[in-house]
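*Asks:* These protein sequence lines are chains A and B, in that order. If you read the first sequence in this note's numbering, its first letter stands for residue 1, the second for the next number, and so on. If you read the second sequence in this note's numbering, its first letter stands for residue 1, the second for the next number, and so on.
Simulated from the structure, these hints should not be mistaken for laboratory data. Watch out, some of these pointers could steer you wrong.
Quick look at which bits of chain B chain A covers, simulated, 3 or more residues with Cβ under 8 Å [claimed, not checked]:
1) 18-28
2) 71-79
3) 198-205
4) 311-319
5) 333-340
6) 347-354
Since the structure is predicted, the reported quantities are computational estimates derived from the model, not experimental observations. A virtual CB, placed ideally from N, CA and C, is assigned to each residue, including glycine.
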Amino acid sequence: MSVDNKTVRHIARLARIALAEEQVEPMANELNNILDWVRQLEEVDVAGVPPLTSVVEQRLKMRDDLVTEGDQADALMANAPEAEDHFFVVPRVVE
Amino acid sequence: MPLPSSPTDLTLSEARDALRTRAISSVELTGAFVEALAGARALNAFVTETPERALEMAAASDARFAEGSARPLEGVPLAIKDLFCTKGVRTTAGSRILGNFVPPYESTVTANLWDAGAVLLGKTNMDEFAMGSSNETSYFKPVANPWRARNSNRTLVPGGSSGGSAAAVAAHLCLGAMGTDTGGSIRQPAALTGIVGMKPTYGRCSRWGIVAFASSLDQAGPMARTVRDAAILLKVMAGVDAKDPTSADAPIPDYEEGLEGGVKGLRIGVPLQYRIDGAPPEIDALWAKGVDWMRAEGAEIVEVSLPHTKYALPVYYIVAPAEASSNLARYDGVRFGHRAAEPRDVTDLYERSRAEGFGAEVRRRVLIGTYVLSAGYYDAYYVRAQKVRTLIARDFAQAFERCDVLLTPTTPAAAFALGEKTADPVSMYLNDVFTVTANLAGLPAISVPAGLSENGLPLGLQIVGKAFDEQTVLRVGRSLERAAGFSAKPGAWWKAA
């Protein structure tokens with residue numbers, strides 16, 4: 001299972017990271033180096049072993065379904081690279 | 001108590017006592033550190049210094065001392081890894097993508113510190129999003145290790161990802177520092193800079209307000225010059241938090257109490273699989289010395305087996321990137337942080353903001369994580385890794401039936417040179433071979449400086465304990481510290497002439 005250029009373009013699109021055409025091949029090589037190395041896990045017998053879901057045994061906590069920190073629009077917008085009033089500005093999505 | 005020639009040479013516990021007896025004021029103490037910071041910029045340990053805020057906080061602490069309402073860390077100046085959100089102080093995570101992000105909120109751990117009276121000196125440099133073992137992936141340039149090899153002027157890395165915090169503690173630029181540890185990011189730099197660093201049990205400290213890397217592995221911890229100092233800091237940092245449902249509702253003992261209790265009657269496990277091919281003989285030699293020290297102090301030494309140790313790093317390099325690819329999805333160029341100029345459409349905005357904002361290592365890990373979670377590969381990589389992780393956790397559970405703590409080396413080698421390992425990611429990853437297992441199993445672990453390498457660089461030994469048994473880990477760590485008697489200091493080459 002080695003990663004080819006087509007797969008690299010596909011996962012870069014899934015991850016929303018622009019990759020110039022000349023970066024695709026080197027990235028495929030880098031990913032394959034790492035994947036070749038992690039593939040040693042194939043030699044471990046995991047039959048009947050459950051995947052680990054939590055390192056520390058604890059019950060899932062429930063809390064009351066209440067607004068705890070509302071009404072902070074100014075603080076939420078303070079770091080926006082582009083904003084108008086209390087709206088984030090993005091390029092036109094619907095023509 | 002007589003004060004040393006410079007207040008920056010006090011340990012945190014000594015400074016706390018000097019402040020309480022009012023032998024020194026917090027403004028004097030903090031002023032000395034502010035000056036030390038300004039004279040140590042050659043180390044690049046800080047991304048942001050906050051001298052005005054530090055002196056204001058110190059003055060407020062002195063007022064508290066005057067009116068007799070001092071709190072546990074009153075007036076104690078600390079450095080904070082730039083992964084902790086600090087209200088009103090820029091927080092970068094070592095990345096370009098956060099740009100000039102100024103959090104409108106405070107992380108729970110740092111809020112606990114300020115509520116206890118601590119003083120903020122500044123935010124420390126780190127590997128981008130805590131992804132790295134040398135501090136070289138920082139957008140804000142690498143940190144220099146205060147240590148240099150004997151008869152050498154070569155710049156060495158301080159380890160990572162908490163490299164700035166480690167360097168700041170080692171160079172006496174603060175009394176203690178906050179780090180975070182996902183695969184060894186507190187303990188490895190602590191070992192490489194000759195300081196103490198502790199990763200508590202997963203859930204011991206709240207992760208709320210800490211920029212997320214790999215949520216099932218990340219944990220905040222103290223970095224300091226002595227085990228006692230680490231114990232003092234952990235006591236204040238720890239605690240259950242309604243904002244982090246994975247934080248543990250477990251009692252927090254007074255970690256200073258019983259610290260000097262020694263190891264008599266304790267069973268200390270030595271895991272066979274931590275003897276690795278190709279490690280320099282000085283690592284094994286120091287480990288053997290550690291075993292002798294513990295035996296001499298009255299511990300019983302038990303050989304234990306952790307058979308899946310060699311699979312820990314490959315598991316980590318599937319699980320951590322998988323979680324990172326999900327956590328880092330929030331950086332979209334819309335709500336905060338870096339935004340690409342003149343986007344064609346919204347997809348172009350996302351793709352270019354992220355390509356420009358993330359460095360090479362972060363891009364690589366996000367892509368690996370996306371791949372191992374993608375349709376068709378999820379079972380082969382991610383689920384299999386999580387199954388092997390179960391086996392690693394079971395190894396520890398079985399070992400702890402026969403012993404109370406484990407003693408291992410912290411790193412496979414001393415500090416290396418800048419640029420030495422950047423060409424080969426896998427060789428860089430191997431730095432964390434002894435530390436990453438504790439993250440995968442959620443266990444508490446401490447690194448204590450224990451000796452010098454042949455060329456005069458610090459080396460650490462690690463104590464790993466049972467979940468929520470930080471107290472025993474600290475007690476054994478203190479015993480190790482006392483036996484090792486590590487007192488070497490780096491030459492102060494970085495001080496501005």
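*Asks:* Hint by hint, note whether the structure agrees.
*Replies:* We went through each hint and held it up to the structure:
Only when three residues or more bring their CB closer than 8 Å to a CB of chain A does the claim for the segment 18-28 of chain B stand; here the count is 0, and the claim is violated. Only residues whose beta carbon comes within less than 8 Å of a beta carbon in chain A count, and the segment 71-79 of chain B has 0; fewer than three means the coverage is violated. Counting residues of the segment 198-205 of chain B whose C-beta lies closer than 8 Å to any C-beta of chain A gives 3; at least three are required, and the coverage claim holds. Counting residues of the segment 311-319 of chain B whose beta carbon lies closer than 8 Å to any beta carbon of chain A gives 5, which reaches the threshold of three, so the coverage claim holds.
Residue count for the segment 333-340 of chain B with a Cβ under 8 Å from a Cβ of chain A: 7. That meets the three needed, and the coverage hint holds. Counting residues of the segment 347-354 of chain B whose CB lies closer than 8 Å to any CB of chain A gives 7, which reaches the minimum of 3, so the coverage claim holds.
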